[in-house]
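Chemist: As given, the protein sequences belong to chains A and B, one line each in that order. The numbers in the numbering used here rise by one with no breaks, and the one at position 24 of the first sequence is 24. The numbers in the numbering used here rise by one with no breaks, and the one at position 34 of the second sequence is 1034.
Don't take each hint at face value.
Claimed, not checked - With a straight-line Cα cutoff of 25 Å, these simulated BS3-like cross-link-like pairs (lysine-lysine) come out:
1) A:Lys41 to B:Lys1056
2) A:Lys55 to B:Lys1099
3) A:Lys20 to A:Lys66
4) A:Lys20 to B:Lys1109
5) B:Lys1109 to B:Lys1068
Derived by calculation from the structure, the hints in this document are not laboratory data.
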Amino acid sequence: GAVVSQHPSRVICKSGTSVKIECRSLDFQATTMFWYRQFPKQSLMLMATSNEGSKATYEQGVEKDKFLINHASLTLSTLTVTSAHPEDSSFYICSAREGGPTEAFFGQGTRLTVV
Amino acid sequence: GESVGLHLPTLSVQEGDNSIINCAYSNSASDYFIWYKQESGKGPQFIIDIRSNMDKRQGQRVTVLLNKTVKHLSLQIAATQPGDSAVYFCAEMDPGTYKYIFGTGTRLKVLA
C-alpha cells in the first residue's frame, strides 16, 4: 500500500507553546488529507479535512484557530496545535487519499504530551 | 458516527481458529467500506475494502462480508495468528462528503 509518513512520532511540549505535526505522502499525490484525534481505547475522531490549495474544513466543535491546518502541496499537510494545554494531550493521526472515493492511508500517529 | 467515552469490546480467539469481527454502519447510502487494523501506538493500517455493489470480498486470510439490508459489515480472519492481535475498525465513506466515519473498534486478542 501507499506510504504516509507522520513526524514527529512523539513530542512533549510545555503548556502555552505551539507544536507542528507533519504528514507526508511519500509515493503518491494526496489531494485530500484528514486529521484525527484519538483518545485511549477509543475510536478515531475526525478533526478536519484538508484539500490541497484550499482551506481546511473543520468538524463541529474543533477550534480552527487552535488547530491550524495547512495543505500547501500534494504531498504535505501540517497540523499546528497552538497555545497547547494539557487537555490537548492526545494521539493525533493523519491520513491521505489520492482521489475521491478510494482508500485512505494513515500515518504512524503522533503522541502529544503537554506538560 | 464518532464514538466518545465507550470502551472497546474485546474478542478473544485461540491461535489457529477463525475470527469474526462485526460492525454496524449508520448510513444506508454509504457505498464504500474499509477495515483497518491498529496496533498499539501506531496508526491504522488498511486491510481490505469493499464497495456496495459487492457482498463479499476476499484477501489474503481475510474476507469482508457486506449485508446492506441490515447495514452490517464483518471481517473474517482465517487461522488467526498472534500477530493479528490489534484493534480493528470498520469505516464507511460518507457518499456526500467522502469523509470516513469510523466504528467503535474491536480489540482482538489471540490466545496461544
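Chemist: Taking the hints in turn, state whether each one holds.
Modeler: Each hint tested on the structure:
{"no.": "1", "hint": "A:Lys41 to B:Lys1056", "in the structure": "29 Å, violated"}
{"no.": "2", "hint": "A:Lys55 to B:Lys1099", "in the structure": "16 Å, holds"}
{"no.": "3", "hint": "A:Lys20 to A:Lys66", "in the structure": "12 Å, holds"}
{"no.": "4", "hint": "A:Lys20 to B:Lys1109", "in the structure": "35 Å, violated"}
{"no.": "5", "hint": "B:Lys1109 to B:Lys1068", "in the structure": "28 Å, violated"}
Checked against the numbered hints above, the structure breaks hints 1, 4, 5 and satisfies the rest.
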